[in-house]
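Chains as they are written, first to last, in the working numbering: chain E, 1 to 884; chain V, 1 to 110.
Just so you know, the hints here were simulated from the structure itself, not pulled from any lab data.
Do not rely on the hints blindly, as some may be mistaken.
[Said to hold, decoys possible] Taking lysine-lysine pairs in the DSS-like style, the calculated list, with each CA pair at most 27 angstroms apart, reads:
hint: 1; chain 1: V; residue 1: Lys-68; chain 2: E; residue 2: Lys-22
hint: 2; chain 1: V; residue 1: Lys-68; chain 2: E; residue 2: Lys-17
hint: 3; chain 1: V; residue 1: Lys-68; chain 2: E; residue 2: Lys-39
hint: 4; chain 1: V; residue 1: Lys-77; chain 2: E; residue 2: Lys-17
hint: 5; chain 1: E; residue 1: Lys-300; chain 2: E; residue 2: Lys-205
hint: 6; chain 1: E; residue 1: Lys-47; chain 2: V; residue 2: Lys-77
hint: 7; chain 1: V; residue 1: Lys-77; chain 2: E; residue 2: Lys-39
hint: 8; chain 1: E; residue 1: Lys-41; chain 2: V; residue 2: Lys-68
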Amino acid sequence: MSILRSIAGGLRSLFRKEQVSKELNEELNGFLEMAAEEKMKQGMSRKDALRAVRLERGSLEVTMEVVRAAGWESFLETCWQDLRFAARILRKTPGFTTVAVLTLAVGIGANAAIFSYIDAWFIKPLPYPQPGRLVIFETQDKKHGWTSGGVTSAADFFDFQKQNTSFEQTVAWGGASLNLTGDGLPELVDGGRVSWNFFDTLGAKPILGRTFTAEDDRSGAPHVAILSQGLWQGRYAGDPQIIGRNIAIGGEAYTVVGVMPGTFQLPLMGIANLWTPLPLTDMERADRGNVWLPAFGRLKRGVTLEQARAETATFFAHLEKEFPKTNTNLTWLVSSMTDRIRREEGGPEVMICFVVVGLVLLIACANVANLMLARATTRAREFAVRGALGATRRRLAGQLLTESLLLFLVGGLASLLFASWGMRWIESQIPGHIRGYIVNYGHVELDFSMLMFTLGITLLCGLVFGFAPAFENSRLDANHTLKETSGQTSGSKRGARLRRIFVAAEIALAVVVLISATLLVKSFIISVRSSPGYNPANVLVAQLALPKTKYTEDSQLRNFSDEVLSRIRVLPGAASTSVASHVPFGGFGQGVEFQVAGKPLQPGERQGAPLTAVSADYFSTMQIGLVKGRFFDSSDAYGISPSIIISQTMARQVLSGEDPIGKKLRLGEQHSVGTIVGIVNDIKMYYLRERPGWHIYVPLAQFPSRTFGFVLRSSGDPTIMATAIRDAIWAVDRDQPISSVEPLENLIAVVSSGDRVVADLMVFFSVLAMFLGAIGIYGVMAHLVLQRIHEIGIRMALGASPAHVMRMILSQGLKLGLGGVGAGMIAALGATRLLATQLYQVTPTDPLTFISVPLLFAIVALAACYVPAWRGMRVDPMVALRCE
Amino acid sequence: MADKPSDLVQGTLDMLILKMLALEPMHGYGIAVRLEQMSQGVFRLNAGSLFVAVQRLQRDGLIRGEWKATENSRRAKYYALTEQGRKRLNGEIREWGRQVAAIARILETS
Chain E
1 MSILRSIAGG LRSLFRKEQV SKELNEELNG FLEMAAEEKM KQGMSRKDAL
51 RAVRLERGSL EVTMEVVRAA GWESFLETCW QDLRFAARIL RKTPGFTTVA
101 VLTLAVGIGA NAAIFSYIDA WFIKPLPYPQ PGRLVIFETQ DKKHGWTSGG
151 VTSAADFFDF QKQNTSFEQT VAWGGASLNL TGDGLPELVD GGRVSWNFFD
201 TLGAKPILGR TFTAEDDRSG APHVAILSQG LWQGRYAGDP QIIGRNIAIG
251 GEAYTVVGVM PGTFQLPLMG IANLWTPLPL TDMERADRGN VWLPAFGRLK
301 RGVTLEQARA ETATFFAHLE KEFPKTNTNL TWLVSSMTDR IRREEGGPEV
351 MICFVVVGLV LLIACANVAN LMLARATTRA REFAVRGALG ATRRRLAGQL
401 LTESLLLFLV GGLASLLFAS WGMRWIESQI PGHIRGYIVN YGHVELDFSM
451 LMFTLGITLL CGLVFGFAPA FENSRLDANH TLKETSGQTS GSKRGARLRR
501 IFVAAEIALA VVVLISATLL VKSFIISVRS SPGYNPANVL VAQLALPKTK
551 YTEDSQLRNF SDEVLSRIRV LPGAASTSVA SHVPFGGFGQ GVEFQVAGKP
601 LQPGERQGAP LTAVSADYFS TMQIGLVKGR FFDSSDAYGI SPSIIISQTM
651 ARQVLSGEDP IGKKLRLGEQ HSVGTIVGIV NDIKMYYLRE RPGWHIYVPL
701 AQFPSRTFGF VLRSSGDPTI MATAIRDAIW AVDRDQPISS VEPLENLIAV
751 VSSGDRVVAD LMVFFSVLAM FLGAIGIYGV MAHLVLQRIH EIGIRMALGA
801 SPAHVMRMIL SQGLKLGLGG VGAGMIAALG ATRLLATQLY QVTPTDPLTF
851 ISVPLLFAIV ALAACYVPAW RGMRVDPMVA LRCE
Chain V
1 MADKPSDLVQ GTLDMLILKM LALEPMHGYG IAVRLEQMSQ GVFRLNAGSL
51 FVAVQRLQRD GLIRGEWKAT ENSRRAKYYA LTEQGRKRLN GEIREWGRQV
101 AAIARILETS
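I would like the entire structure built from these sequences, with the hints used as guidance.
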């Protein structure tokens with residue numbers, strides 16, 4: 001109640017200022033008059049009485065002020081006054097204001113941009129209802145510790161689905177590339193084959209039609225499909241009659257029953273534009289040995305993850321006993337879908353960027369603080385006068401703090417613009433098909449949490465970095481300052497030292513940023529330049545997959561690839577051609593389990609390696625080096641005991657010490673035993689930063705494949721061969737969709753695009769940091785010279801040569817710069833240790849970097865000092881001595 | 001001069017002013033004079049402290065102000081205790097008594 005009254009009183013004071021003031025005035029006057037009358041009764045004259053009262057009880061003006069200041073509304077008024085004054089001051093010095101605002105906009109903007117990614121990828125929950133209840137199942141080997149990478153066996157899944165009690169729904173799915181024919185050019189569309197409850201479990205609603213029902217999943221049910229909004233509006237031109245329309249997938253007729261909105265995405269699946277029910281035969285459903293089916297589920301309300309884990313543990317213990325041959329040591333790892341998706345997002349890279357932009361922000365703030373400090377010393381007189389007139393130190397400091405807060409807020413606003421530019425640039429650098437795997441892609445934008453973050457940072461930095469000038473200036477000794485002859489003071493010693501500390505700290509931070517960035521960029525360049533084991537230059541790759549319905553026999557697969565290959569071989573400009581089941585950086589691969597004959601595995605122990613089926617001249621087309629033995633040749637034809645070529649690391653690690661040539665490997669369950677005939681160099685299959693791994697090659701003739709990557713090494717630019725390859729393929733099969741025709745270098749670039757973005761950002765930030773650091777030094781040195789002009793004049797008048805003056809100034813600047821650089825190097829030695837996991841063939845204490853960066857900085861510092869020093873040198877002593 | 005009242009804790013000054021007004025409604029100068037008299041010169045208020053306290057008490061609803069004519073037919077603002085002010089005063093006096101007794105006890109023992 002009293003609070004309300006207090007507020008009312010304050011509001012009245014604010015809005016009825018005149019009246020309140022008049023009343024108070026009258027009351028105080030009355031008070032002083034009555035007091036004076038008392039005194040006059042004692043015999044004083046009126047004049048003396050009034051004067052005595054003023055001394056004893058306080059003067060009218062001061063009392064008015066005191067009473068007025070006691071109300072809460074006066075604080076508001078003060079703030080408002082300060083704000084208006086600050087705005088006026090900032091407008092009067094447009095140069096300073098622009099520089100400061102720009103600096104802040106870039107510093108804060110970069111932080112806001114990176115934060116919005118952190119928010120979208122790691123903080124915001126998945127865009128499904130109650131995402132905390134979604135979990136992923138994957139098979140795990142308890143004894144040997146390996147996990148299957150997000151998949152399980154079909155039989156295990158369906159048994160669990162029937163018998164579990166913890167889950168509301170369980171879903172199996174698989175990514176798929178689906179051939180769309182009819183209605184235009186044959187197109188290979190990324191999509192998924194899913195259990196009927198896929199969409200319902202995720203809580204996704206269609207924009208047209210319906211999702212799948214249990215009916216659709218029965219074997220023998222009519223084929224149905226669901227499109228994405230993008231596919232519907234693209235290939236089918238937004239046909240309003242799309243529901244019920246028949247489309248041809250893989251040569252068979254499917255009825256469209258629904259369309260999903262463009263915002264729907266399961267990051268584990270990547271970009272998907274087309275879904276059909278999962279067509280598993282009864283035999284496939286009963287298959288317990290092959291672990292390949294991705295699956296997830298939604299917990300029942302009230303069931304915790306621990307309870308679910310307990311249930312699966314019991315369930316699988318039971319399965320272990322019942323099916324020892326396939327399930328020994330196996331169980332399910334049940335993990336939260338959110339955690340799993342977040343783990344894939346490249347946390348370390350984003351965190352590194354976040355730290356770097358944080359450092360850049362500190363540098364920017366230090367610069368702005370220095371600018372404010374410098375400006376404050378030129379206004380020292382103004383504050384001295386105000387202090388003499390009665391302004392309290394608190395009031396003056398408040399004024400300065402308001403100025404800096406206003407500056408930072410304007411910078412913060414400008415930063416939003418900069419942030420959105422930055423984010424748009426980053427998104428443009430991420431290639432198309434990768435985007436599907438990134439959570440919330442396209443929906444990372446300026447939203448509430450980002451605005452809050454920006455505001456928070458702005459206020460925090462404004463307060464922290466505004467404090468120094470506020471503190472400094474309110475402390476000046478009015479007497480001393482007013483007696484100074486020059487409009488600028490010699491500045492308090494403390495103020496100058498503060499600025500030097502700021503600049504040294506700035507430089508140290510900039511050195512840390514530069515060293516870290518250089519290490520990362522160097523690592524990136526090395527990873528890009530280092531040989532992947534083959535020569536990707538001038539190589540064109542055409543990838544496709546033959547549909548099961550059309551190509552049912554192995555002989556058909558073989559004929560297809562032979563025919564296409566024979567056509568491509570004779571193309572003008574084709575130096576060398578071959579084909580493989582998978583190409584490096586093609587985006588997918590195949591693995592196989594193997595056993596070395598004579599080295600049986602323990603029960604439950606498994607051993608696998610990537611497997612590629614290749615045509616005989618694959619190695620020569622790709623220019624993969626032979627280490628021992630031979631390549632495949634015409635003797636490795638169909639029907640004969642298979643030949644095998646393995647990679648060097650595999651030879652070393654699996655058959656340690658022994659000569660691999662002639663050894664026998666058993667591949668998978670169904671495949672027969674093959675003989676190792678050669679060893680080749682290691683190659684990079686998926687990532688530039690890959691460690692060398694195992695690889696098994698088999699002849700395509702003996703291991704027919706459904707997927708193909710036709711490899712063509714051209715004598716010139718490979719892109720001109722693209723149409724020719726397409727025509728060759730379509731000459732063999734008119735309706736065969738081709739998933740991609742790209743130079744191999746492009747495929748590699750796409751995969752390394754994430755690293756490239758980080759490297760580009762690092763370059764940008766390090767240039768920015770160095771630029772800001774240079775400006776910082778320049779600013780301090782210029783101000784220093786200005787402050788010491790008097791002293792310089794005296795020295796020159798006493799006989800110092802200009803060169804001497806220059807040396808003096810330069811040495812001071814250099815001391816400052818070197819101090820900062822030294823501190824930065826020491827800090828960097830500690831900091832770069834954190835980067836170790838991200839570096840490829842570069843040590844965290846790479847000597848070349850640690851020598852060249854500080855050297856570069858020393859040169860920059862020297863250059864920044866040069867201009868002020870030169871100016872100082874040219875001072876005319878007569879002018880300097882007279883300088884006011 | 002005589003800035004002693006500003007050494008008084010804010011709450012104590014409020015309590016004393018309330019007590020003054022409990023005796024009879026007064027204007028500002030009257031409060032100051034009466035306080036000086038009753039404290040035998042120990043408490044001499046200056047205008048600032050007095051009117052800041054008065055404004056505060058007014059805003060908290062403990063006293064009510066009214067413009068009236070004085071004996072010398074001059075206009076002055078007279079303040080009187082409100083019901084709430086009376087209750088607050090009684091509470092403060094009780095609390096003050098408790099604290100004084102406690103302090104006395106402590107000082108006695110040492």
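Against the structure, the hints come out as follows:
1. At roughly 16 angstroms between alpha-carbon atoms, Lys-68 (chain V) and Lys-22 (chain E) fall within 27 angstroms of each other, so this suggested pair holds.
2. Distance hint between Lys-68 (chain V) and Lys-17 (chain E) is fulfilled; the C-alpha atoms sit about 22 angstroms from each other, no more than 27 angstroms.
3. For the given pair, Lys-68 (chain V) sits about 23 angstroms from Lys-39 (chain E) by alpha-carbon distance, which is consistent with the 27 angstroms threshold.
4. Only pairs whose Cα atoms come within 27 angstroms are accepted, and Lys-77 (chain V) paired with Lys-17 (chain E) is accepted, the gap being roughly 18 angstroms.
5. For the suggested pair Lys-300 (chain E) and Lys-205 (chain E), the alpha carbons sit about 20 angstroms apart, so the restraint of at most 27 angstroms is met.
6. For the suggested pair Lys-47 (chain E) and Lys-77 (chain V), the alpha carbons sit about 25 angstroms apart, so the restraint of at most 27 angstroms is met.
7. Pair hint Lys-77 (chain V) plus Lys-39 (chain E) holds up; C-alpha atoms about 21 angstroms apart against a cutoff of 27 angstroms.
8. Proximity of Lys-41 (chain E) to Lys-68 (chain V) is assessed by CA-CA distance (about 24 angstroms); at most 27 angstroms being required, the pair is judged to hold.
Of the hints listed earlier, there is not a single one the structure fails to meet.
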